[in-house]
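J.: Generate the whole structure from the sequences, applying the supplied hints.
Each chain is listed here by its residues.
There are 2 protein chains.
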Amino acid sequence: MLFREGKLCRPTSGMAAGYAQANLVVLPKDEAFEFLLFAQRNPKPCPILEVSEAGVRELSIIAPGADIARDIPKYRVWEHGKLTGEYTDIVKFWRDDFVSFLIGCSFSFESALLEASVPVRHIEEDRNVPMYETNIPCTPAGRFHGNMVVSMRPIPYAQVVKAVTVTASMPRVHGAPIHIGDPAVIGIRDINRPDFGDSVTINPGEVPVFWPCGVTPQAAIMASKPGFVITHAPGHMLITDVRNVDLKD
Amino acid sequence: MLFREGKLCRPTSGMAAGYAQANLVVLPKDEAFEFLLFAQRNPKPCPILEVSEAGVRELSIIAPGADIARDIPKYRVWEHGKLTGEYTDIVKFWRDDFVSFLIGCSFSFESALLEASVPVRHIEEDRNVPMYETNIPCTPAGRFHGNMVVSMRPIPYAQVVKAVTVTASMPRVHGAPIHIGDPAVIGIRDINRPDFGDSVTINPGEVPVFWPCGVTPQAAIMASKPGFVITHAPGHMLITDVRNVDLKD
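These protein sequences, in sequence, are chains U and G.
Under the numbering used here, the residues of the first sequence are numbered 1 to 249, in order.
Under the numbering used here, the residues of the second sequence are numbered 1001 to 1249, in order.
Hints may be right or wrong, so weigh each one.
Said to hold, decoys possible - BS3-like, lysine-lysine: derived pairs with alpha carbons at most 30 Å apart:
hint, chain 1, residue 1, chain 2, residue 2
1, G, K1225, U, K29
2, G, K1162, U, K248
3, U, K82, U, K225
4, G, K1044, U, K162
5, U, K248, G, K1225
6, U, K92, U, K74
7, U, K44, G, K1044
8, U, K29, G, K1074
9, U, K44, U, K7
Source of the hints: derived by calculation from the structure; they are not laboratory data.
T.: Spelled out as structure tokens, the structure:
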């Protein structure tokens, strides 16, 4: 409500502890079927939490009553693949053929890792999580295609199995890792130079562990240069009414 | 290939042991987005194994090279909610806007139950599985709505937990039970009079266990009386190239 009323505009990291946050993509219905198909074929990088019906701004599943055009702190508008503006609400852009996709976010499983005493380095170092393009192809759907983007967290050898089992129990927020160990195997040339986010320290006795990342669907959409797309601004997520523990299903 | 060439036409139960079979629904693209949304919102009764792109007859994921218009032994054509004919191929009906949905089938988890020494009564008694309408609402999507249809298998008390864990590990073919015990709780008045299929014997010391059923999506589609739908004929499924053991993921 604070975001809706314009009384607050900030990144949502650390807000509403225990509740899941979600990525936003808004597409015209003409492209929505193919994007839903892309997500259905690639559920690990694109775990869908809710999809609206065409033209409907009010959410009903993960945040009943939320207005998707006003309740995210900051939005980005993209035209033909280029960022054309940032806005605190998108009411003036709304169209009857817009479909909203809310996509699970790794904030949820990071909170589960911390509860299980598994360290999350980028939180310790107060940086953004390092993300990398890989050579792992997504299954294409219509105009949408591309390789998987992954996030990386260094995990002590003795805790790798625990990190796998904790995250595997949460498939609706990316689930288990896609790769453990040698970055070159999945096409990453320099672990210290991520394609998105910040690099983090990998200590002796730690293994880089890679999870499917929610940047994948945005990259697949932008590669197709759609006429008009709205997304959240990085870090400015939808705060849902769903508790992270309820995503273990 | 035998089905495609018209050399064979029979129910597929018991064929190609170890390989998953799938239900078929073909809808025009105009309705496909809402149906994909219905399935996405109700993954337990509607576990999607593959969705084609509009107009594409060749499958690529669960049965690469299969022709969805010829490789099922028997099809049904429905117009405005009424069955208008059965056919061994649907090439003459095919349109450029048709989207095919292949939906997981409980044959896969029954084979896992049998391997785990859990009895499957309707197989023992050589009957069709009993299925019931319930009072459990599906989450609606556009024109598609309705209550969940469930299948029932009587399980000895001592094996109920095993039946849950074995099927829970296979979410892509309906997964864990939706209800265990008293049928009245989910709106079933007479366990001996199923709404679809045959009744089976429940022995002393056995509990009725209910799983989400693939009849649910067909019922939701038919309730909306769409202009034109093609499905498989009951028992005449698509035989896929996916092994049941590979659905545990």
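J.: Each hint needs a verdict: does it hold in this structure or not?
T.: Verification of the hints:
{"no.": "1", "hint": "K1225/G / K29/U", "result": "23 Å, holds"}
{"no.": "2", "hint": "K1162/G / K248/U", "result": "20 Å, holds"}
{"no.": "3", "hint": "K82/U / K225/U", "result": "8 Å, holds"}
{"no.": "4", "hint": "K1044/G / K162/U", "result": "28 Å, holds"}
{"no.": "5", "hint": "K248/U / K1225/G", "result": "36 Å, violated"}
{"no.": "6", "hint": "K92/U / K74/U", "result": "14 Å, holds"}
{"no.": "7", "hint": "K44/U / K1044/G", "result": "18 Å, holds"}
{"no.": "8", "hint": "K29/U / K1074/G", "result": "34 Å, violated"}
{"no.": "9", "hint": "K44/U / K7/U", "result": "35 Å, violated"}
The structure fails to meet hints 5, 8 and 9 from the earlier list, while all remaining hints are met.
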